[in-house]
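Read top to bottom, the protein sequences are chains A and B. Numbering follows this note's numbering, with no gaps: position 53 of the first sequence is 53. Numbering follows this note's numbering, with no gaps: position 23 of the second sequence is 23.
Hints in this document: simulated from the structure, not taken from any laboratory. Glycine included, C-beta positions come from ideal geometry on N, C-alpha and C. Possibly wrong hints are sitting among the right ones.
A short list of chain A residues far from chain B (calculated; beta carbon distances all over 12 Å) [to be verified]:
#1 R10
#2 N15
#3 K30
#4 E32
#5 T68
#6 R84
#7 V86
#8 N92
#9 K101
#10 E113
#11 V146
#12 D170
#13 G180
#14 E206
#15 H241
#16 E260
To spell it out: a stretch of chain A is covered by chain B in this simulated footprint if at least three of its residues, at any positions, have a beta carbon under 8 Å from a beta carbon of chain B; those stretches are [unchecked claim]:
#17 52-65
#18 74-83
#19 128-136
#20 152-165
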Amino acid sequence: MAVIEVSELRYRYPNTEKLALDHISFSVEKGELVGIVGSNLSGKSTLCAAMVGLVPHFYKGAFGGSVTVSGMNVREHSVGEVSRKVGLVFQNPFTQITGAKLTVYEEVAFGLEHAGVPREEMPRRIDRALSTLGLADLAERSPFAVSGGQMQRLAIASVLAMEPEILVLDEPTSQLDPAGTSEVFRAILTLRSEGITVLIAEHKVERLAEVADRMLAIEKGRVVAFDAPARLFNRADLAEHGIAIPSVVSVCRSLGVSKEDGSLPLSVSDAAKLLESAHA
Amino acid sequence: MRLSLYVEGDGWVHRLDPLTKVIIAVSAIALTFILTNLVANGAILFVSLALLTAAGALRRALPVFAGALLLALTFFIIQGLVYPGNRTVAVAAGPVALYREGLLVGLHLALRLYNILSATLIIVLVTHPTHLVEALVRRGLSPRFGYVLMAVLQIIPTMADQTKAIMDAQRSRGMETEGKLWTRIKAFIPLMGPLVTSSLISTEERALALEVRGFGDNARPTFLREEHIPGYGIVLRWIALAALVSGIVMRWGFGWL
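Could you put together the complete structure from these sequences and hints?
Right, dumping it as structure tokens:
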């Protein structure tokens, strides 16, 4: 059962001439973890925004085609309504802190309060979100007094408390150090194991390739490929389309080392084993 | 950088809900305008100061009072010199004389000034702005407007941090920011562009983050915390309102005070 259905999606920002999204079609099954990759300005962020309805409701502009998430046509519902089923996390952890609440616990409650969730429901949801993201012992801290990785996890927790079916993350680790990045990826895997469908736009292709079921490669608003990482990164034409390749893959390609089925290894450990057996 | 003037505390005054404190403060300010009797005004001031002291906020209030002293003195001097009802000389120095009637009017104005200040300080020093705004939103203030009020106080310090970061970046590229006044003024101009741009970007990012938290639908929100009005809070509200009403009655009903 496809939980995300995108059909002939076309979008142009106001006062621009080129399409930011140019006839994009794809569908995502429930529980999948899909990575979105592409060079800068390829349309990754625009696509993420379209998943929640920010495109077109917030950005206005010219919109064509359809995006259906969790059974809702994004064009026919407000961003608030879609947000109850689809959560969106942005790059900058800092600007996702509302600034209206004094503690981490209350910050997570912000979305619940505005969604009109009954008070009795709130503590359960907040506790669950905080413990899923490993933030339970920071509950009484000021939201601004935490590290970057913790702040981004707080943003995810705030969105998670709304109990969405789908979580979209737009380059969530771009402003984080390696430790913060690991925390966020760990959290994403936890969420995926709870059955939440996850879409992540990322530049860190290595990490993404390790966890994604399928990867959507975009260039200039068009889909270049949508396939499992192993098959996607085997393609030789990715570089022309501005798609970064995990270093492991390009090293193994240059060394002429590949797995039995002809595909290139995606992780360092796989590559190490192959190289050892190749030179054994 | 703390922008809020709020003084932390846990005394009985702090535990009063924000609206009660607003009612007390507004009553005090209204009374100080209604009543002309000097002793009555002094009594209002005494009550306000007592509340501030009970909250442990008096020390923070003193600089404000000291700052207003100059203004209070001008009341005395100007009224003492030129108040139309001046008859009896209190202090004379050559051709210049301060009259008793004027000085008393000056005292009244000074007391009024300090009453307004202390009542306002009860709100500013002893009530956290987010609690006050939440109390108003519970009673019907638009949640969007409430958010703007609350966020201003937490977000302005982050703009100050951004300013520092931009200035550091510019310094590291050779911009002179210290030295003569003119140099420092000139250093301001290239700061404006990046600061405004980055603030606009941050604002858009924040607006997006709020939208996806369901903020845009302007439905009535529910609240995590229950509002807790202590019993003595209700009592104080009634006392404040009763004082206000009796003040009105005594002034315009009986012509006293």
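Structure-based check of each hint:
| no. | hint | in the structure |
| --- | --- | --- |
| 1 | R10 | holds, 22 Å |
| 2 | N15 | holds, 16 Å |
| 3 | K30 | holds, 21 Å |
| 4 | E32 | holds, 21 Å |
| 5 | T68 | holds, 18 Å |
| 6 | R84 | violated, 7 Å |
| 7 | V86 | violated, 8 Å |
| 8 | N92 | violated, 6 Å |
| 9 | K101 | violated, 7 Å |
| 10 | E113 | violated, 4 Å |
| 11 | V146 | holds, 14 Å |
| 12 | D170 | violated, 10 Å |
| 13 | G180 | holds, 18 Å |
| 14 | E206 | holds, 27 Å |
| 15 | H241 | holds, 28 Å |
| 16 | E260 | holds, 45 Å |
| 17 | 52-65 | holds (count 3) |
| 18 | 74-83 | holds (count 5) |
| 19 | 128-136 | violated (count 0) |
| 20 | 152-165 | holds (count 4) |
The structure fails hints 6, 7, 8, 9, 10, 12 and 19 (numbered hints given earlier, in ascending order).
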